[in-house]
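Asker: The task is simple: from the sequences and hints, build the whole structure.
Using our numbering, you'd call the opening residue of the sequence shown number 1 and step up by one each time.
The set of hints was computed from the structure by calculation and includes no laboratory data.
We treat Cβ as the ideally placed atom computed from N, Cα and C, and that holds for glycine.
Treat the hints with caution; some may be incorrect.
As the list claims (entries may be wrong) - Using C-beta positions, here's what the derived DEER-type ranges look like:
1. Q128 <-> D46: 48 to 56 Å
2. K81 <-> Y59: 46 to 54 Å
3. Y59 <-> K165: 44 to 52 Å
4. E125 <-> S31: 28 to 36 Å
5. K30 <-> K81: 28 to 36 Å
6. D38 <-> N124: 25 to 33 Å
7. D12 <-> K165: 48 to 56 Å
8. P33 <-> D109: 23 to 31 Å
9. P33 <-> Y156: 21 to 29 Å
10. D109 <-> Q157: 52 to 60 Å
What the hints assert, rightly or not - Heads up, simulated SDA-like pairs for lysine to any residue below, C-alpha to C-alpha not over 25 Å straight-line:
11. K55 <-> L45
12. K83 <-> Q128
13. K83 <-> I72
14. K28 <-> E82
15. K30 <-> N153
16. K7 <-> Y17
17. K30 <-> K8
18. K23 <-> D37
19. K146 <-> E125
20. K8 <-> I57
21. K8 <-> D37
22. K146 <-> N124
23. K28 <-> K7
24. K23 <-> I72
25. K139 <-> K172
26. K28 <-> W63
27. K172 <-> E125
28. K83 <-> L137
29. K80 <-> I57
30. K55 <-> E82
31. K23 <-> D74
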Amino acid sequence: MELKDNKKLANDLWYEYEPLVRKLCIYKLKSLPDHIDDCVQDVFLDLMEALGNGKTIEYPKAWLLKVASNKIKDIYNQTKKEKENIIYTDFQKFDSINFSFDEFFTIDDEQLLALKEKVINMLNEKEQLLLHDRYTLEKPITEIAKEHNTTENNIYQRLFRLRQKTIMISLKILDEEI
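Answerer: Okay, structure coming up:
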């Protein structure tokens, strides 16, 4: 009789809280829409398992939302590890490639400095100042944020975008020279 009661309880909780759990999963997993249904299903599978093991859930709404939050964290961590593994694997493949045209691709210090100057000159003053503060003067992010009257997170974002921009500019310059 207890198994039947657990199934009925789980079914009742499913119909009552499934929209709420789904809403949380949709909100938190906007960037990973393929995982939304999996998250919702995993939450209710955990509910069935917990009830099957005889666990009493005193506050089902809170319990379900906590399990959903943990599932969402697990999904993000798993996705992050997969992406890091892809990058690591790509670097391993890149390292194992034997370049037979090494002399064609060599670059000396003068060419490197010229490339650096071209890239820096293509940046605006704010970007040049940020680049100088962080990488030449090696100032900490907190100090740079105070000087620019902004948050540390904003500085991290600016630096990330600046690195992406400098890479794109460098590639463009190198493509033009070849």
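Asker: Look at each hint and say if it fits the structure.
Answerer: Right, here's what the structure says about each hint:
1. Q128 <-> D46: 48 to 56 Å: holds (52 Å)
2. K81 <-> Y59: 46 to 54 Å: Roughly 32 Å apart at Cβ, these two residues miss the hinted range, so it is violated.
3. Y59 <-> K165: 44 to 52 Å: holds (49 Å)
4. E125 <-> S31: 28 to 36 Å: Holds: the Cβ-Cβ distance is about 33 Å, inside 28 to 36 Å.
5. K30 <-> K81: 28 to 36 Å: Violated - the Cβ-Cβ distance for K30 and K81, about 20 Å, lies outside 28 to 36 Å.
6. D38 <-> N124: 25 to 33 Å: violated (44 Å)
7. D12 <-> K165: 48 to 56 Å: Given a distance of about 55 Å, which is inside 48 to 56 Å, the answer is holds.
8. P33 <-> D109: 23 to 31 Å: At roughly 48 Å between Cβ atoms, D109 and P33 fall outside 23 to 31 Å, so the hint is violated.
9. P33 <-> Y156: 21 to 29 Å: holds (26 Å)
10. D109 <-> Q157: 52 to 60 Å: violated (32 Å)
11. K55 <-> L45: holds (14 Å)
12. K83 <-> Q128: violated (31 Å)
13. K83 <-> I72: holds (17 Å)
14. K28 <-> E82: The given pair, whose Cα atoms are some 19 Å apart, holds under the 25 Å limit.
15. K30 <-> N153: holds (21 Å)
16. K7 <-> Y17: Distance ~15 Å between K7 and Y17 Cα, so the pair holds.
17. K30 <-> K8: At roughly 32 Å apart (the allowed maximum being 25 Å), K8 and K30 break the hint.
18. K23 <-> D37: holds (11 Å)
19. K146 <-> E125: holds (18 Å)
20. K8 <-> I57: holds (14 Å)
21. K8 <-> D37: holds (22 Å)
22. K146 <-> N124: holds (20 Å)
23. K28 <-> K7: Roughly 28 Å between the alpha carbons, so the hint for K28 and K7 is violated.
24. K23 <-> I72: At roughly 12 Å apart (the allowed maximum being 25 Å), I72 and K23 satisfy the hint.
25. K139 <-> K172: violated (29 Å)
26. K28 <-> W63: Since the Cα atoms of K28 and W63 sit roughly 17 Å apart, the hinted pair holds (cutoff 25 Å).
27. K172 <-> E125: Roughly 20 Å between the alpha carbons, so the hint for K172 and E125 holds.
28. K83 <-> L137: Judged against 25 Å, a Cα distance of about 32 Å means the pair is violated.
29. K80 <-> I57: The given pair, whose Cα atoms are some 32 Å apart, is violated under the 25 Å limit.
30. K55 <-> E82: Given that 25 Å is the threshold and the Cα spacing comes to 34 Å, the pair is violated.
31. K23 <-> D74: holds (18 Å)
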